[in-house]
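S.K.: Read top to bottom, the protein sequences are chains A and B. Here the working numbering is used: the first residue of the first sequence is 1, the next is one more, and so on. Here the working numbering is used: the first residue of the second sequence is 1, the next is one more, and so on.
Honestly, the hints are just simulated from the structure, not real lab data. We put the CB at the ideal spot given by N, CA and C, even for glycine. There could be a bad hint or two in this list.
What the hints assert, rightly or not - Stretch-level coverage of chain A by chain B, calculated; a stretch enters the list once three of its residues show a Cβ under 8 Å from a Cβ in chain B: (1) 66 to 74; (2) 350 to 356; (3) 555 to 563; (4) 570 to 576.
To be verified - Selected chain B positions facing chain A (Cβ under 10 Å, derived; list incomplete): (5) 9; (6) 11; (7) 59; (8) 62; (9) 69; (10) 75; (11) 78; (12) 83; (13) 94; (14) 99; (15) 162; (16) 165; (17) 169; (18) 196.
These are the residues of each chain, in order.
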Amino acid sequence: MELIFGLFAGLAAGSVFALLGAGLVIAYRGSGVINFAHGSVAAYAAFTWDELRDMPGETGIGNEGGSIYLPWFDPIPEWGFLKALHINNLPVEIHIMTDPPAWLAMIITLAMSAFIGLLMHFLVFRPLRNSPMLAKVVGSVGIMLYLQAVALLNFGAANRADDGFWVFNSTSEPIANFIGMDDKNLPRSTPYLALAAIIIGAAAWAIYRYTRFGLATRAADENEKGATLLGYSPQFLAGLNWVISSVLAGLAGVIFLHKTMPNQLNLYVVSALAAALVGGLTSIPGAILGGLGLGAFASMGVSATSYSWWPEWLPVDGVRAFAPVLVVILVLYFRGHKLPIRGTVGLGRQPRAPATKHPMVGVGVGVAIALVMSNIFISKWESTLTMTLVAILAMLSLVVLLGFLGQISLVQWTLAGVSSFVLIRLASDGTKVRPMDFFVVWGPDLPDPIAALGGVIAAVLLGLLIGIPALRIRGVQLAVVTLAAIVAIEDLLMRNRPLMGTAAHTMNPTPKPKWFGQYVGALDEQSNQTDYWKYTVFAIIVVALAGIFVVNLRRGIIGRRFLAIRSNERAAAAAGVNVARTKMLGFGVSSFLAGLAGMLVAYKMPMVTSEFFSPFVGLAMIAFVYLGGITTVWGAVLGGMLVGGGLLSEFGSLHFEGITQAYINAVGGIGLVVNAVLTSGEGISLTITNQAKALVATMRGTTPNEGEKEEVVSTEEVNV
Amino acid sequence: MSSLLETTGLTVTFGGLNANDNVDIEITKGSFVGLIGPNGAGKTTFIDAITGFVPTSAGSAIFDGHDLSELKPHERAQLGLVRTFQSLELFEDLSVRDNLLVAAHPTTWYTLALDVFRLRQSNEEIEERIDWALEVAGLTGLEEELPTDLPHGQRKLVGVARALAAQPNLVLLDEPAAGLDTAESNALGGHLRGLLDHDVTVFLIDHDMGLVLSVCDFIYVMDFGKIIASGTPEEVRSNPEVIAAYLGEEAGEVQARSAEELRGISDTAGE
Numbered sequence: 001m002e003l004i005f006g007l008f009a010g011l012a013a014g015s016v017f018a019l020l021g022a023g024l025v026i027a028y029r030g031s032g033v034i035n036f037a038h039g040s041v042a043a044y045a046a047f048t049w050d051e052l053r054d055m056p057g058e059t060g061i062g063n064e065g066g067s068i069y070l071p072w073f074d075p076i077p078e079w080g081f082l083k084a085l086h087i088n089n090l091p092v093e094i095h096i097m098t099d100p101p102a103w104l105a106m107i108i109t110l111a112m113s114a115f116i117g118l119l120m121h122f123l124v125f126r127p128l129r130n131s132p133m134l135a136k137v138v139g140s141v142g143i144m145l146y147l148q149a150v151a152l153l154n155f156g157a158a159n160r161a162d163d164g165f166w167v168f169n170s171t172s173e174p175i176a177n178f179i180g181m182d183d184k185n186l187p188r189s190t191p192y193l194a195l196a197a198i199i200i201g202a203a204a205w206a207i208y209r210y211t212r213f214g215l216a217t218r219a220a221d222e223n224e225k226g227a228t229l230l231g232y233s234p235q236f237l238a239g240l241n242w243v244i245s246s247v248l249a250g251l252a253g254v255i256f257l258h259k260t261m262p263n264q265l266n267l268y269v270v271s272a273l274a275a276a277l278v279g280g281l282t283s284i285p286g287a288i289l290g291g292l293g294l295g296a297f298a299s300m301g302v303s304a305t306s307y308s309w310w311p312e313w314l315p316v317d318g319v320r321a322f323a324p325v326l327v328v329i330l331v332l333y334f335r336g337h338k339l340p341i342r343g344t345v346g347l348g349r350q351p352r353a354p355a356t357k358h359p360m361v362g363v364g365v366g367v368a369i370a371l372v373m374s375n376i377f378i379s380k381w382e383s384t385l386t387m388t389l390v391a392i393l394a395m396l397s398l399v400v401l402l403g404f405l406g407q408i409s410l411v412q413w414t415l416a417g418v419s420s421f422v423l424i425r426l427a428s429d430g431t432k433v434r435p436m437d438f439f440v441v442w443g444p445d446l447p448d449p450i451a452a453l454g455g456v457i458a459a460v461l462l463g464l465l466i467g468i469p470a471l472r473i474r475g476v477q478l479a480v481v482t483l484a485a486i487v488a489i490e491d492l493l494m495r496n497r498p499l500m501g502t503a504a505h506t507m508n509p510t511p512k513p514k515w516f517g518q519y520v521g522a523l524d525e526q527s528n529q530t531d532y533w534k535y536t537v538f539a540i541i542v543v544a545l546a547g548i549f550v551v552n553l554r555r556g557i558i559g560r561r562f563l564a565i566r567s568n569e570r571a572a573a574a575a576g577v578n579v580a581r582t583k584m585l586g587f588g589v590s591s592f593l594a595g596l597a598g599m600l601v602a603y604k605m606p607m608v609t610s611e612f613f614s615p616f617v618g619l620a621m622i623a624f625v626y627l628g629g630i631t632t633v634w635g636a637v638l639g640g641m642l643v644g645g646g647l648l649s650e651f652g653s654l655h656f657e658g659i660t661q662a663y664i665n666a667v668g669g670i671g672l673v674v675n676a677v678l679t680s681g682e683g684i685s686l687t688i689t690n691q692a693k694a695l696v697a698t699m700r701g702t703t704p705n706e707g708e709k710e711e712v713v714s715t716e717e718v719n720v
Numbered sequence: 001m002s003s004l005l006e007t008t009g010l011t012v013t014f015g016g017l018n019a020n021d022n023v024d025i026e027i028t029k030g031s032f033v034g035l036i037g038p039n040g041a042g043k044t045t046f047i048d049a050i051t052g053f054v055p056t057s058a059g060s061a062i063f064d065g066h067d068l069s070e071l072k073p074h075e076r077a078q079l080g081l082v083r084t085f086q087s088l089e090l091f092e093d094l095s096v097r098d099n100l101l102v103a104a105h106p107t108t109w110y111t112l113a114l115d116v117f118r119l120r121q122s123n124e125e126i127e128e129r130i131d132w133a134l135e136v137a138g139l140t141g142l143e144e145e146l147p148t149d150l151p152h153g154q155r156k157l158v159g160v161a162r163a164l165a166a167q168p169n170l171v172l173l174d175e176p177a178a179g180l181d182t183a184e185s186n187a188l189g190g191h192l193r194g195l196l197d198h199d200v201t202v203f204l205i206d207h208d209m210g211l212v213l214s215v216c217d218f219i220y221v222m223d224f225g226k227i228i229a230s231g232t233p234e235e236v237r238s239n240p241e242v243i244a245a246y247l248g249e250e251a252g253e254v255q256a257r258s259a260e261e262l263r264g265i266s267d268t269a270g271e
């Protein structure tokens, strides 16, 4: 009976997966893009609705109510002389009216969603229409990061408790005594949500099935010329589909608001992707049924955890998060290669990955600068410097996997978290490490290099496990699988208290690390005050070795084979390369580096939380390493300085008030999109090298090199 | 002369259609064997089947004493059974030289460690083989170019050179001369003949009938997935069934034509 109730209760979440999934299908058919930012559009709409409906005096940033916040942020920091110049800042907040009626708020919210859809079309996906699939994925991840950060800037981090409209709010009388079960109350909104999903889905299906516009979209899906024959411009169709898709997302965000916090909607895209995949990414009814089914399935799993036989080490949240992963993997497995994702045949031209010729010079200079900084600056900068080092190491792992091997895995930062948590678990001994700790963690009290090794091994094993689907699943599909894996690992492994210790869900106290008698932690062993010197030297050594490791990897036989697989798997196999084994090697190496990054985090902080390893920090890492240059070690160094808490961004926040992590992430999201559009994903480091070479060539009177020519061409295409 | 590759009753089925139907082909060590046939005859499918890129539904293939049926494509390549592709399939982000190096370097389980600690000395033998492969393909001097910067014909030759760099016993060439002009095609033919002196057996598919007839010792003719004729170039040239397959006329109605004429026709068919 519990399971049957779970089935019905799950239809609520299922209806949102269904609506979001249908939106993903529409966007995919309209322009061939899998929109990772779809959940973030829903979240922005949910915030917008809530902000409009806020009563004066309520909590939250916009406690006036009745205002809308445009989907951008004030780009000019409030800093001394800029203020004095009276530069007109970009308007963000627009007051509509106090306490607008629900129908008006709804119209405004959906208009906001449509506006975001248009912006995505014109600023991102239209310029990227002829770009490789990879660039489109990166672009949509950039939007996800951007929208999430802008929502944080404009609406704050506070939870929203506002009720939705009509039956879609938490104050409606629940359906008591549901299917004869005395103690179960089904929220009244649940059947309405399911009904809404079905009706809206049916309407959308009918529009695409029976109208001329729908016919043209389907024709354009097959062949762009098909739409032209019906008298539609393919780009007009794509834009209109983006609007419809985003409006559906907004609708889903609003009617589900009473069930969740808007920020959670960002990651609902995972379940929505699972739903859309059930529909083969092309069928709206398939996505609706898939979404409802997934919701019911996950909810039944959650109900099952209440049985006495359910193992304790499988927590409720983990089960809920694992359901979409299971669906994604099963669907991709059974559909095999036939899954109609465009561009899986060839990902197109990839960013160049030149080998570094004299790495020791760079490493020497870098280490020298880092040592000088750690010695002469105040401890604020030591913290920043070490954060930069951690980020560089994490990004080196991305350079190997995404840059060299071409496998779009979004999960590496999460693996760093697993390594960190396993290390803490293995090194703990059940006593209080520091007086300020809230929790004690039980563990086998392993000496430190061994505990760290355990953490790294855990990351490598998990990385290899995630690599297995990559043997069959490529490109964009792999990005989908790994995004789902992030959520599952976080809830199933990291926050799993039976596995990771009593503090896994909150502040996990880190042990005091000693390597061969030498203390290497960032907090003084006795006083527990920050004392970075030893840790900084340790981190510099680890990161420098990792940098040399990656440079040499690229220059060696294996690195060349990675690039060969990135370029063409068939040809690699024909040339005698064991593609499966080489890919696994890449996942292993990358996860090893990520695991080391996790170790550095555990040694740096007094306590570690799973928030530090949240999906959005991981996506920001990917954004900034793409911006720096995904194919070079220098790209990772540059990215590590740009990322929130890194040297350049801290330097920025020192000189410009109001630069927060969210601000940096928003800029990173924009950077990711701009990079994808303008430099075909090569990033700052290669662009600078190109410009320098071109400059030298011009001064010598010869023609610039090929890379330079191509860049000019791609920029022109964008302008047209 | 011992047999290097022997297929018996090899059949490849695509949804009820036999793309290869009971194909028996024998390639002896040190020979230069050609396979010709009209477009869609199943020639490339045959190479795909031998090299493991499409599954076979019946029949067997023995290469140098190894049963190929259980081997993956890269394992077949490591045995010395190396192919080129009709549709380029190069590593476009890698220089010509790196393209060849991917195929030339063997790896072991500790290769990664050697790479990372830069413990390997340069390998004379591999350098020599690469220089030789570049020379055969006529690419000497273009090592540092990216394949995308080369004209189409030369890109084809990068594929040939890459196959040769893999130290093949048998190299299966899928239309290497497509896109080359007559002079280049002739030069390639001469270079390919020279492979026999390096213990490389060659199996050639091409639309350039002049090339095939002039360089091959033995020729198979395929149509609708079946081998319809085989023999020396002279025998094939005068075989009425072959002529019919190319011209689409009843066998025997047409006089045997010269190789030059056939070539002109097949060129048109190739486009």
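S.K.: If a hint holds in the structure, say so; if it does not, say that too.
M.R.: Hint check:
1. Note: the region 66 to 74 of chain A has 0 residues with beta-carbon separation from chain B under 8 Å; the three-residue rule is not met and the coverage is violated.
2. Counting residues of the region 350 to 356 of chain A whose C-beta sits closer than 8 Å to any C-beta of chain B gives 3, which meets the bar of three, so the coverage hint holds.
3. Look at the region 555 to 563 of chain A against chain B: 8 of its residues bring a Cβ nearer than 8 Å to a Cβ of that chain, three or more, so the hint holds.
4. With 7 residues having a Cβ less than 8 Å from any Cβ of chain B, the region 570 to 576 of chain A passes the three-residue criterion, so the hint holds.
5. Annotation: residue 9(B) was flagged as interfacial toward chain A, and the flag is violated, the nearest CB pair being 25 Å apart, outside 10 Å.
6. The interface hint given for residue 11(B) is broken, as the beta carbon of that residue sits about 22 Å from the closest beta carbon of chain A, more than 10 Å.
7. Evaluation of the residue 59(B) hint against chain A yields a violated restraint, the C-beta minimum of about 21 Å exceeding 10 Å.
8. With a least beta-carbon distance of about 20 Å to chain A, the hint placing residue 62(B) at the interface is violated under the 10 Å criterion.
9. Given hint, residue 69(B) at the interface with chain A, is violated; its Cβ is 17 Å from that chain's nearest Cβ, farther than 10 Å.
10. Checking residue 75(B) against chain A: minimum C-beta separation of about 8 Å stays under 10 Å; hint holds.
11. Because the beta carbon of residue 78(B) sits about 5 Å from the nearest beta carbon in chain A, less than 10 Å, this interface hint is met.
12. With its C-beta approaching chain A no nearer than about 6 Å, residue 83(B) sits inside the 10 Å limit, and its interface hint holds.
13. Because the smallest distance between the Cβ of residue 94(B) and any Cβ of chain A comes to about 6 Å, under 10 Å, the interface hint for this residue holds.
14. Interface restraint check for residue 99(B): the shortest CB-CB distance to chain A comes to about 8 Å, inside 10 Å, so the restraint holds.
15. About 6 Å separates the beta-carbon of residue 162(B) from the nearest beta-carbon of chain A, less than 10 Å, and the hint is met.
16. Proximity of residue 165(B) to chain A holds as hinted, the smallest CB-CB distance being about 8 Å (cut-off 10 Å).
17. At a threshold of 10 Å, the smallest CB-CB gap from residue 169(B) to chain A is about 13 Å, leaving the interface hint violated.
18. Proximity of residue 196(B) to chain A is violated relative to the hint, the smallest CB-CB distance being about 22 Å (cut-off 10 Å).
Violated hints for the displayed structure, listed by number in ascending order: 1, 5, 6, 7, 8, 9, 17, 18.
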